[in-house]
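Could you put the whole structure together from the sequences, leaning on the hints where they help?
2 protein chains.
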Amino acid sequence: VSEVNRQWLLKRRPEGNLSEADFEYKEADMPSGGLKAGEIKVRNVGFLCAPTMRNWMDPPSKNLYPSIPLGQPIMAPAAARVVASASEGIAVGDRVLGLSTWQDYAVIPGGGMRRPTLIPEGISFLEGIGRYGLNPMTAYFGLLDVGAAQSGETLVVSGAAGSTGSTAAQIGKVKGMTVIGIAGSKSKCDWLTEQCGIDGAIDYKSENVEKRLSELCPKGINVFYDNVGGEILQAAINNMAPRGRIVLCGQISSYDNDESAEGPRNMMRLVYGSIRMQGFLCGNYADRFDEATTQLKSWTESGQINYREDLRVGFENLPNSFRSLFDGSNIGTLLVQIDDSATETT
Amino acid sequence: VSEVNRQWLLKRRPEGNLSEADFEYKEADMPSGGLKAGEIKVRNVGFLCAPTMRNWMDPPSKNLYPSIPLGQPIMAPAAARVVASASEGIAVGDRVLGLSTWQDYAVIPGGGMRRPTLIPEGISFLEGIGRYGLNPMTAYFGLLDVGAAQSGETLVVSGAAGSTGSTAAQIGKVKGMTVIGIAGSKSKCDWLTEQCGIDGAIDYKSENVEKRLSELCPKGINVFYDNVGGEILQAAINNMAPRGRIVLCGQISSYDNDESAEGPRNMMRLVYGSIRMQGFLCGNYADRFDEATTQLKSWTESGQINYREDLRVGFENLPNSFRSLFDGSNIGTLLVQIDDSATETT
Chain S
1 VSEVNRQWLL KRRPEGNLSE ADFEYKEADM PSGGLKAGEI KVRNVGFLCA
51 PTMRNWMDPP SKNLYPSIPL GQPIMAPAAA RVVASASEGI AVGDRVLGLS
101 TWQDYAVIPG GGMRRPTLIP EGISFLEGIG RYGLNPMTAY FGLLDVGAAQ
151 SGETLVVSGA AGSTGSTAAQ IGKVKGMTVI GIAGSKSKCD WLTEQCGIDG
201 AIDYKSENVE KRLSELCPKG INVFYDNVGG EILQAAINNM APRGRIVLCG
251 QISSYDNDES AEGPRNMMRL VYGSIRMQGF LCGNYADRFD EATTQLKSWT
301 ESGQINYRED LRVGFENLPN SFRSLFDGSN IGTLLVQIDD SATETT
Chain C
347 VSEVNRQWLL KRRPEGNLSE ADFEYKEADM PSGGLKAGEI KVRNVGFLCA
397 PTMRNWMDPP SKNLYPSIPL GQPIMAPAAA RVVASASEGI AVGDRVLGLS
447 TWQDYAVIPG GGMRRPTLIP EGISFLEGIG RYGLNPMTAY FGLLDVGAAQ
497 SGETLVVSGA AGSTGSTAAQ IGKVKGMTVI GIAGSKSKCD WLTEQCGIDG
547 AIDYKSENVE KRLSELCPKG INVFYDNVGG EILQAAINNM APRGRIVLCG
597 QISSYDNDES AEGPRNMMRL VYGSIRMQGF LCGNYADRFD EATTQLKSWT
647 ESGQINYRED LRVGFENLPN SFRSLFDGSN IGTLLVQIDD SATETT
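Going line by line, the protein sequences match chains S and C. In this text, residue positions in the first sequence follow the working numbering: the first is 1, and each later residue adds one. In this text, residue positions in the second sequence follow the working numbering: the first is 347, and each later residue adds one.
If you're looking for bench data, these hints aren't it; they were derived computationally from the structure. Check the hints yourself; a few may be wrong.
[What the hints assert, rightly or not] Derived DMTMM-like pairs: lysine to aspartate or glutamate, alpha-carbon spacing no greater than 25 Å straight-line:
| hint | chain 1 | residue 1 | chain 2 | residue 2 |
| --- | --- | --- | --- | --- |
| 1 | S | K211 | C | D404 |
| 2 | C | K408 | S | D256 |
| 3 | S | K62 | C | E553 |
| 4 | C | K565 | S | D58 |
| 5 | C | K408 | S | E215 |
| 6 | C | K382 | C | E366 |
| 7 | S | K62 | C | D404 |
| 8 | S | K62 | C | E556 |
| 9 | C | K408 | S | D58 |
| 10 | S | K219 | S | D256 |
| 11 | C | K557 | S | D256 |
| 12 | S | K205 | S | D256 |
| 13 | C | K408 | S | E210 |
Because the structure is a prediction, the values reported are computed rather than measured.
In structure tokens, the structure reads:
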């Protein structure tokens with residue numbers, strides 16, 4: 001096989017906002033050589049652009065997330081077709097979700113929290129990485145397991161119009177909660193209240209978030225699902241109800257710049273409120289992905305979960321698509337399809 | 347009865363460090379009038395000086411802790427003898443632990459998390475408020491329940507030579523953990539390692555806490571029991587192991603000044619490490635106080651828990667005793683005995 005293996009490499013560590021010059025295009029040889037036990041080789045079909053990948057472009061740190069080596073392909077969640085396997089549960093021809101890299105063909109390591117999982121029959125590659133993919137599953141486990149959300153409680157979601165946030169907010173409604181979303185424009189807020197059935201929305205760009213939260217959540221916030229961090233996390237902490245739970249899903253306010261967001265300042269409120277703040281990763285729940293997919297599919301088919309997708313096509317569009325996550329121009333789950341098989345369901 | 351009821355009132359809101367002039371001595375009439383349902387009237391016998399009382403002297407805030415009204419007696423945990431009762435489970439003559447006030451005779455409200463609890467037979471007033479009182483019980487529930495401490499794990503305790511911290515550290519040893527303490531002097535560190543059997547101690551006044559933690563906890567911190575907050579909390583977060591638990595017990599670094607301590611800055615470490623940070627109050631566990639007392643008594647009698655007490659005598663010494671919590675001069679659980687019956691055990 002003399003096919004070219006297209007790649008997008010991390011050319012340099014981004015400083016401040018991401019720039020086109022942080023990435024380098026390369027046409028490499030096909031990955032060759034044998035696979036180590038547990039590894040699989042895949043043909044990548046579609047990639048999810050997830051904000052947290054921006055963290056992976058930072059230098060190695062003590063922050064427990066991976067650091068993409070300079071000159072190597074960008075690491076990214078992908079839907080892919082297996083072309084070779086040294087993994088016991090995975091065969092050639094299987095369709096998988098995995099932590100892959102921005103190239104046509106990639107080797108994915110096995111084992112651990114990031115092991116590849118099979119895309120269920122009947123769900124396309126794009127649905128597997130998008131509509132029922134990591135973002136909505138993150139929302140599912142974060143809200144119900146980490147947040148221990150209960151019917152009748154008040155849920156606040158930051159980044160609520162985003163891919164993960166909008167699912168968390170709508171699962172809250174399915175579960176009988178009062179749900180308030182925080183988002184970055186009037187149109188995003190309108191979509192949440194008018195299309196998604198959310199009880200209230202706060203535009204953080206034009207409203208005082210802390211004050212609006214106290215008005216919209218008179219009994220306090222029982223669960224805060226946080227995708228944003230920084231000042232919005234602080235505003236929520238100041239409105240948490242006793243025994244409240246803060247689900248730390250992401251901190252997008254601090255990803256695309258060089259400063260670490262200020263942390264919450266009044267820890268004594270957490271002490272006296274017996275408030276829990278808990279970080280988590282979707283991968284912690286890899287054993288329960290099928291449960292999440294089944295639930296999300298059922299809620300989607302009954303019209304209870306609205307979903308917006310921003311599908312881009314073409315390998316060449318990967319860096320620019322990813323960058324649009326941070327300038328506010330992207331609406332919905334951002335996918336980049338790089339192979340025509342993306343809608344196949346078996 | 348024409349006995350005088352001595353009182354210490356909150357004269358003004360402390361600004362910066364506590365001052366003698368923040369308190370006012372008064373000789374008042376005995377509290378009279380009927381009791382509301384659930385209330386009891388007590389003869390206070392001894393008070394616990396707890397650092398968190400400093401927070402209660404602040405103006406009312408959204409921080410979920412109580413604010414002592416200006417001109418009213420200082421609120422404080424006390425061991426007391428019941429002289430009148432409108433509470434179903436409590437009779438005249440009973441000995442109780444409760445959230446009382448700095449005066450000879452006080453009315454304590456019933457119900458809720460702060461309801462009075464009986465001091466078990468055979469345990470003196472002083473033991474009830476000190477050796478087996480709120481501080482060690484806080485350590486017990488915080489470490490084992492909130493922190494879910496497990497044998498073989500690494501525990502770090504800040505404020506480790508203090509009343510609560512030293513108990514938490516020693517319970518960690520009883521449970522088979524590797525225990526590192528952080529304290530504010532060489533002699534406190536020596537006491538921890540030489541007398542209490544703690545595996546290592548860090549003097550935060552002369553050592554780089556973050557660096558020392560990484561040396562002493564090569565596999566990371568599984569449980570961080572935090573009494574201090576601020577920069578020490580940050581140093582611990584930077585050394586937490588994945589799935590670690592941070593027990594938010596107190597934030598003494600920020601009590602006795604007007605600034606709110608900076609919060610932890612790298613929340614993404616909590617996300618990627620699936621780390622839990624949880625506030626709590628001992629009162630959450632009021633139903634299990636007997637269990638804690640029984641356990642603490644057994645470990646104390648078998649020599650597994652060292653205990654240091656700083657017992658002061660005399661009602662007039664209340665404000666000055668309390669202030670010594672914040673200047674580093676106090677060693678051990680700080681009690682003020684105001685009645686000769688303090689050693690009675692029935």
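Quiz prompt | Indices of hints not satisfied (ascending) | solution = 2, 6, 7, 9, 10 and 11
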